[in-house]
Amino acid sequence: MNPKLVRKLALTVLAWSVAGIMFFPVAWMLVTAFKTEIDAVTPSLVFSPTFENFVVVDQRADYFKFAMNSVVIAFGSTILALALAVPAAYAMAFYPGRFTKDILLWMLSTKMLPAVGVLVPMYLIFRNTGLLDTRTGLIIVHTLVNLPIIVWMCYSFFKDIPNEILEAGRMDGARPREQLFYLLLPLTLPGIGSTALLAIILSWNEAFWSLNLSAANAAPLTAFIASFSSPEGLFWAKLSAASTMAVAPILIFGWLTQRQLVRGLTFGAVK
Amino acid sequence: MTATVPLPATPAAKGGGRAVRTLPFIAPSVAVLLVWMIVPLAMTLWFSFQRYNLLNPFLTGFAGVENYQYLFEDPALWSALANTLLLVGWVLVSTVVLGTLFAVLFDQDFFGRGVARLFVIAPFFVMPTVSALIWKNLLMHPVNGFFAYVSRSLGLPVIDWFTNIPLTAIIVMVAWQWVPFATLILLTAIQSLDRDQMEAARMDGAKSIALFRYIIVPHLMRPIAIVVMIETLFLLSIFAEILVTTSGGPGVATTNLTYLIYVRALLEFDVGGASAGGVVAIILANIIAFFLIRTIARNLTA
Chain A
1 MNPKLVRKLA
11 LTVLAWSVAG
21 IMFFPVAWML
31 VTAFKTEIDA
41 VTPSLVFSPT
51 FENFVVVDQR
61 ADYFKFAMNS
71 VVIAFGSTIL
81 ALALAVPAAY
91 AMAFYPGRFT
101 KDILLWMLST
111 KMLPAVGVLV
121 PMYLIFRNTG
131 LLDTRTGLII
141 VHTLVNLPII
151 VWMCYSFFKD
161 IPNEILEAGR
171 MDGARPREQL
181 FYLLLPLTLP
191 GIGSTALLAI
201 ILSWNEAFWS
211 LNLSAANAAP
221 LTAFIASFSS
231 PEGLFWAKLS
241 AASTMAVAPI
251 LIFGWLTQRQ
261 LVRGLTFGAV
271 K
Chain B
1 MTATVPLPAT
11 PAAKGGGRAV
21 RTLPFIAPSV
31 AVLLVWMIVP
41 LAMTLWFSFQ
51 RYNLLNPFLT
61 GFAGVENYQY
71 LFEDPALWSA
81 LANTLLLVGW
91 VLVSTVVLGT
101 LFAVLFDQDF
111 FGRGVARLFV
121 IAPFFVMPTV
131 SALIWKNLLM
141 HPVNGFFAYV
151 SRSLGLPVID
161 WFTNIPLTAI
171 IVMVAWQWVP
181 FATLILLTAI
191 QSLDRDQMEA
201 ARMDGAKSIA
211 LFRYIIVPHL
221 MRPIAIVVMI
231 ETLFLLSIFA
241 EILVTTSGGP
251 GVATTNLTYL
261 IYVRALLEFD
271 VGGASAGGVV
281 AIILANIIAF
291 FLIRTIARNL
301 TA
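Read top to bottom, the protein sequences are chains A and B. Numbers 1 to 271, taken from the UniProt record's numbering, label the letters of the first sequence in order. Numbers 1 to 302, taken from the UniProt record's numbering, label the letters of the second sequence in order.
With the rest of the complex left out, here is chain A (with noise of 0.2 Å):
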């Protein structure tokens, strides 16, 4: 054989060992998903696969209210950071003024700030307002948790479309209104598209303001998946059904943007 090709089926081996080894647990969860409760206490492979979990927890109300709370929470967010971040981005990157580069860098250092250093106003603003355990609060806090992030993207990809084609319009007496709607946004739809998939991300997994911000009312995911920590391995091949199915459409948002996503997550210093 001819040592390139057996360099390739080598590197083949070795790369496929490590994915195997990153995803087994993902793999693990997926398998005991189709496992009884009696099988999904014994480690083994060999099982009759059955669909009874995700029947029962497809069955259970609450866990269709819960997934709602999620997507109202993560699509609500995503559309309200959008909503003030896109003409941001758009005036910073084509209209950038003295201090644009300065108000960049500030927006990014409030996302620097430990959430747990407020979270005690935050608690008790929460609570003297009514906004505790409920969906706006939480698409609030979202909101402002990834609106650094969403400006920021935007502005990276607003940057990559030449001034002159904005030029253009301007020269036929576009406003800037109707350049942004007509001209760059049409233009800019496939990064503005990612930036919502990323933002959608990063609202469906958040987990700390959810879980301190919300109970039995407005709880996404990932809080509802953490009330399965106690009883103890009672409901494993449940919990393991539950999971996938609130893992695995972010697994496919993620999976889809994974170029982009790099960029929005390091705030455009890697491209």
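Derived by calculation from the structure, the hints in this document are not laboratory data. Fair warning: there could be bad hints in the mix.
Simulated coverage check for chain A against chain B, where a stretch passes if three residues somewhere in it have a Cβ under 8 Å from a Cβ of chain B [said to hold, decoys possible]:
(1) 7 to 13
(2) 122 to 129
(3) 145 to 155
(4) 239 to 251
Computed list of lysine-lysine pairs in BS3-like fashion (alpha-carbon distance at most 27 Å, straight line) [what the hints assert, rightly or not]:
(5) A:Lys159 x A:Lys101
(6) B:Lys207 x A:Lys159
(7) A:Lys111 x A:Lys159
(8) A:Lys4 x B:Lys207
(9) A:Lys111 x A:Lys101
So these bits of chain B aren't anywhere near chain A, every CB distance computed over 10 Å [claimed, not checked]:
(10) Gly64
(11) Ile171
(12) Gly249
(13) Gly251
For every residue, glycine included, the Cβ atom is placed at its ideal position computed from N, Cα and C.
Once you've looked at the hints, dock chain B against the given chain A.
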């Protein structure tokens, strides 16, 4: 004729934006972030100097530095700081080392590369509470977990991870969540490496090890610095993983600073004490944020 018509130069057009009022576009974002940053922060600072416990409405008034004094004399703070540093430190070391090796490996040409990459980055998208339960129940459970099963099959002693080596268990779990992040960022960075330079070096007879040592690693230094800083900011606030697996225990063995403040605030309702802890957390994060922002600013051409 048209050539004589003076066209506005591009920079002037960009700067000419002074005529456009950008304030209405930027103001909403800035305003909400300003409120979000200042109001809770000011409240935390204020509370940290107050006697304020939700369980005891008669305890009020200015506390001076009492909350801070109490906090710094509490051995729980120092063990929480130690746990925080151990957690952040070990996860950083393992994710950077493994992330670099994985990034180089997954940059190579092999069969099914695209799919294998997806499998490697998958853990990053699993929500923290789900990962915590997978590791606690399905993998590290001392009786029915997969690891116990493997140990028994090999005739090795079974490890009760979350009881005997709880902090190690959490470090392993968190590292698993963050290795994909490091791999993804560093893989992207490697792909932007100058291929011609690599090829030229190889032509000159450079071995793979030499290529890695003298071309890839230097090129990765800045992305690694960014990975380290971003991860640090997130790792300082690890919370859900601890809440779900050990609730900070046994004792305070896995209580980090974030979890300690949570206990003070929402379980003991000590608003003053928790706020003092919050101020410490903010200062700690700001030291790192300072360096991160400086690195990113250098890269920003606004």
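Verification of the supplied hints:
Under a criterion of three residues with beta carbons nearer than 8 Å to beta carbons of chain B, the stated coverage of the segment 7 to 13 of chain A is upheld, 4 such residues being counted. Look at the segment 122 to 129 of chain A against chain B: 4 of its residues bring a Cβ nearer than 8 Å to a Cβ of that chain, three or more, so the hint holds. Check on the segment 145 to 155 of chain A: 3 of its residues sit with their Cβ under 8 Å from a Cβ of chain B, so the three-residue criterion for coverage holds. For a cut-off of 8 Å, the count of residues in the segment 239 to 251 of chain A with a CB near a CB of chain B stands at 7, and the three-residue condition holds.
This hinted pair checks out: Lys159 of chain A and Lys101 of chain A have alpha carbons roughly 13 Å apart, not beyond 27 Å. Note on Lys207 of chain B and Lys159 of chain A: the hinted pairing is violated, with a Cα-Cα distance of about 40 Å set against a maximum of 27 Å. Between Lys111 of chain A and Lys159 of chain A the CA atoms are separated by roughly 22 Å; this keeps the pair inside 27 Å, and the hint holds. This hinted pair checks out: Lys4 of chain A and Lys207 of chain B have alpha carbons roughly 15 Å apart, not beyond 27 Å.
At most 27 Å may separate the alpha-carbon atoms for a hinted pair to count; Lys111 of chain A and Lys101 of chain A meet this at roughly 16 Å. The Cβ of Gly64 of chain B sits about 18 Å from the closest Cβ of chain A, beyond the 10 Å cut-off, so the non-interface label holds. Every Cβ of chain A is farther than 10 Å from the Cβ of Ile171 of chain B; the closest lies at roughly 15 Å, confirming the non-interface assignment. Chain A leaves Gly249 of chain B outside its interface by the beta-carbon criterion, the shortest separation being 13 Å against a cut-off of 10 Å.
Under the 10 Å C-beta cut-off, the non-interface status given to Gly251 of chain B relative to chain A holds; the minimum distance is some 18 Å.
The structure fails hint 6 only (numbered hints given earlier).
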